[in-house]
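Knowing the structure of chain A, use the given hints to seat chain B on it.
Order-wise, the sequence lines are chains A and B. My numbering puts the first residue of the first sequence at 372, with every later residue one more than the last. My numbering puts the first residue of the second sequence at 27, with every later residue one more than the last.
A couple of the hints might just be wrong.
Over the 10 Å line for every Cβ pair with chain B, so calculated as not near, a few chain A residues [what the hints assert, rightly or not]:
{"no.": "1", "residue": "M395"}
{"no.": "2", "residue": "H402"}
{"no.": "3", "residue": "G586"}
{"no.": "4", "residue": "L1221"}
Restricting the straight-line Cα-Cα distance to at most 27 Å, the calculated cross-link-like pairs of lysine-lysine (DSSO-like) are [as the list claims (entries may be wrong)]:
{"no.": "5", "chain 1": "B", "residue 1": "K111", "chain 2": "B", "residue 2": "K65"}
{"no.": "6", "chain 1": "A", "residue 1": "K530", "chain 2": "A", "residue 2": "K703"}
{"no.": "7", "chain 1": "B", "residue 1": "K65", "chain 2": "A", "residue 2": "K440"}
{"no.": "8", "chain 1": "B", "residue 1": "K102", "chain 2": "B", "residue 2": "K65"}
{"no.": "9", "chain 1": "B", "residue 1": "K102", "chain 2": "A", "residue 2": "K435"}
{"no.": "10", "chain 1": "A", "residue 1": "K703", "chain 2": "A", "residue 2": "K798"}
{"no.": "11", "chain 1": "A", "residue 1": "K440", "chain 2": "B", "residue 2": "K111"}
{"no.": "12", "chain 1": "B", "residue 1": "K65", "chain 2": "B", "residue 2": "K120"}
{"no.": "13", "chain 1": "A", "residue 1": "K1103", "chain 2": "A", "residue 2": "K923"}
Rather than coming from a laboratory, the hints here were simulated on the basis of the structure. Just so it is clear, CB atoms sit at the ideal spot from N, CA and C, and this is done for glycine as well.
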Amino acid sequence: MTLWSRLRSWVQAMLRRSRMESEMDAELRFHIEAFAEDLVRGGLSRQEAMRRARIEFGGIERAKEECRKERRVSLVDSLMQDIRFSVRQIRRNPGFTLAVVITLALGMGANTAVFSILHTVLLRPLPYRDPDRLVTVWQENVQRQQLDKATVADFNDWKTRNRVFDDLAFSWDAAYTLTGPGDSQSVMGYQFSANFFSLLGARPLLGRTFLPEEGTQGRDHVVVLSYQFWRNRFASDEDVIGRTIQLDGDHYIVIGVMPSDFGHPSAGTDIWTLLPFPVELLENRGLHIFQVIARLRSGVSFAQAQQELESLAQENARRYPQTNQHWGTQLKPIRDTYTGNVRPALWVLQASVLFMLIIACANVGNMLLARAGTQEREVAIRLALGASRGRLFRQFLIQGLTLAVMGTGAGVLLAWWGVQVLPLMFKAQLANLPLPARASGWMNWPVLLLTLAITASTSLIFGAIPAFHNPSPSSETLNIGSRATIERKSALRLRRVLIVGQVALSLLLLVGSGLLIRTFLRLQARSLGFETDHLLTCVFSLPPNRYPNVSKTGSFLEQVLARIRVLPGVESAGGINTLPLSGMDARRPITVPGLLDDSGHQNVAQFRVVTPDYFRAMRIPLREGRFFDERERVGSPPVAIVNQKLASLLWPHSNPIGQHILVPDTAIPLLTEIIGVVGDVRHTGLASEPPIEIYRPAYQTYWPFFGLVIRTSLDPERLAGAIRQAVQSVDKDQPINSLRSMDALATDSIALRRSSMFLLMLFAGVAVLLASLGIYSLISYTVILRTHEIGVRIALGARHRDILKSVVGQTAFLALIGMAMGLIAALNLTQFLSSLLFGVTATDLKTLLLAMTVMMAVTAGAAYMPARRATRVDPVIALRYE
Amino acid sequence: MDKPLDLLPGTLDRLIRTAVSLEPLRAYGMLLRIQQISKNRVEIQQGPLYPAWYRLDHRGRVTSEWDESENNRTAKYYRLTAAGKRRLQTEVEKWNRIADGIAGIPGTTPEEV
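In isolation and in its complexed conformation, chain A is listed as follows (with noise of 0.2 Å):
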């Protein structure tokens, strides 16, 4: 109850302040009138009883002040005070201010903005029951290093004699070409094993997902969509399932949706189908084609199932060299397989921009206490004049929580800006990862939280310093003329720490986002083995029941191809079944009769199955023997080309022309003549490595999938519309998709390196230029704190060189410091960089040196600035200040 009528009377005495004046007043005039009266009573003249009850009375307006301090209403009143100070304050010197709020928010932005990112695709747990325990199985060619999906026999040995997992499931990317209901759609689809929903542990949002005995052949068509199709075509409609629809021409019954946030293997699969088991490659062992995922067994560790299937594969190794002979077995933990590439870049990103959170804070910290010395002297007035320490101390923690509060208000926006930017920039690498497409967007809280945490505590840390550590006002701090500081030695020690640190971070960014730079630059100096501009791509699924064969894929082909030909402003085009850059791949095992590979084992290449002008269209060049043309019809003779890598592989001697090779187009290996030898290409990005391929002609083999080509003299992104015109013309049911320029492949490929590498050169630049003002401003600093004796040097004779160097030396040499350390650091740091450098090593020389000169010129430039204002220095007025 008093606590209520405590609030009460101070809610009063805050909301009717003029009502609690008035009648205060009226109080104590009532009181003074009164004793007064009874003065004048007791014989005294009115005039002489007003001035006697006056004196009795001592001070009103001290009076009035204590009752009001007892109303606690004192307390609001010079809080009010200090904010109204700081806003003034910040009015006074807007460049302080906006200096100290844009630091702010460049730390707690950029922190904010990369970590929740990172927190999405690295951290968050996936939305499978128990996701630690999945792991990715994979073959390993020991001697290439490389993984390779499994073969249908391998799996299958896993599959029944592993003790490890509780269950293996096997899959494949499908696409497929959405006939009915409706306009006729192409969707991504993946396909799987019956078991593939239960062993992740995903749920549907509607209906079921697929029984064990749907697995089997003739019984699989069912299907299970994603909820951004079911959205997309479906509208919503809970009634979709039972219903029917029409893939690649067949019937198939929807029995479930899956919840928003599932999108396995990728945010863009639309639909999920069966895949029963291949009975015909049981005894495969030459065909990598299934990606296999599997959940550890409980109790059994990663390295104990690892361990168990290196051994099987050992064993294998020994009962099947013609074919396992260097193949070994890598587990991969589920969030590794999908964030592989993108796990370093963002892991070096949040590095950079931590180092960035702490220059900023330094940066905060070190403008304030350089203002904290100018302040030193109105402190000092101030304790004079009676103020108490609390006062003062509130008043700095209030000043820097203005700032707090400015820097962070615009951090918050930044990092709402960088969460919806950054996303856009790793598009595609997020696009390739088993999350819902909306969930990169958004923000992290606890960590916009705790970097709000951070930098609102450096401000107010730092803000409170001079209300800390105060001179007792004595005569001498209060004697320094009105322009003057006072040197604080250990306020001087700490800027000087600050400098340091920050000199020896910023060069570690600038070293890092220096080599990135140099990978760039080395990069884009190599070629594709292909002329990417001009070049329009987009690619297409023919389905199996109406392009059931090489004479029906082969002359949709060709019509489609004339029509695009003869469309104004195309040069040439071209088909092919895997298109350079998209991340397609097909894979053949070739054999040469009568000579022994000296592994002994076979070669792998890439399968290219091409039209004839495919490689003109492209601009590939044929090295020796001819190009694909109208002789390679059905039923002529199997004829190939192959790149220089794999002519030089096989007949490093003698001529590759008229050389045979088996090479199988299906299951069964076709004798195959080498009719042309054509110029390497890096089919996977311009950081990979040409493999070696054998291309074989579109109009003599079948695929059920094909990517167009076509060189145009226009912007070939006009030539979209027509190019689907020409396809539909053919064949009016047949969707096309991803039409897009090979340039913005050619972009896409490299765009991690690009993105990390132009974040990185942001925040180093960032950080060097706070650095650089951190250095600014303690020279400035030290300059005004020395006007007077520099003054009596030059009017002792001193040269502009002395004083340059008197004023600049202690500096210089911090920056020295912190540039060994920022060595040091870099020498140690940038390995974590190596897997997205290419060309250049983490401890590159050049690129050390460059990025030492730049912070020395730097540093120096932000250093001459204030100390040639020390050269300059009037004595007569320097020494004015005595």
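Quick look at chain B alone, frame taken from chain A:
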């Protein structure tokens, strides 16, 4: 008349409560009343009186209202609240116990110990 006694800390509040427990008073009247109760042995500084009122008001020990004074002017009258009365009661008891104890000390003779 004896020399006025200096007040012990905290005594002012108690004096005010005692004075105002008898009847609602305005501040000035209470000053006189305290002097009357203490038989002029306690002199109260007029200035600090008001902050003390505000303090007691803030703590809910007294309430105040405006009323006509004897000479037809409005004045602020203070009254003890229930909480104030309880508080006074316990304080009086406590004070009496202490006063009893202290009062006995100076006259104590060796035989009594």
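Verification of the hints:
1. Listed as a non-interface residue, M395/A fails to keep its Cβ farther than 10 Å from every Cβ of chain B; the least gap is roughly 8 Å.
2. With 10 Å as the threshold on Cβ separation, the claim that H402/A sits away from chain B is violated: the shortest Cβ distance comes to roughly 5 Å.
3. Non-interface call for G586/A relative to chain B: holds, since the shortest CB-CB distance, roughly 79 Å, exceeds 10 Å.
4. A cut-off of 10 Å between C-beta atoms confirms that L1221/A is not in contact with chain B; the least separation is 69 Å.
5. Restraint check for K111/B and K65/B: satisfied, since their Cα atoms lie roughly 23 Å apart, inside the 27 Å limit.
6. Under the criterion of a C-alpha separation no larger than 27 Å, the hint pairing K530/A with K703/A is consistent with the structure, at around 17 Å.
7. A C-alpha spacing of about 32 Å is found between K65/B and K440/A, which places the hinted pair above 27 Å, so the restraint is violated.
8. This hinted pair checks out: K102/B and K65/B have alpha carbons roughly 25 Å apart, not beyond 27 Å.
9. A C-alpha spacing of about 16 Å is found between K102/B and K435/A, which places the hinted pair at or below 27 Å, so the restraint holds.
10. A distance of roughly 24 Å separates the Cα atoms of K703/A and K798/A; the hinted pair therefore holds under the 27 Å criterion.
11. A C-alpha spacing of about 25 Å is found between K440/A and K111/B, which places the hinted pair at or below 27 Å, so the restraint holds.
12. The straight-line distance between the Cα atoms of K65/B and K120/B is roughly 22 Å, inside the 27 Å bound, and the hint therefore holds.
13. With a C-alpha separation of about 15 Å, the suggested pairing of K1103/A with K923/A holds against the 27 Å cut-off.
Checked against the numbered hints above, the structure breaks hints 1, 2, 7 and satisfies the rest.
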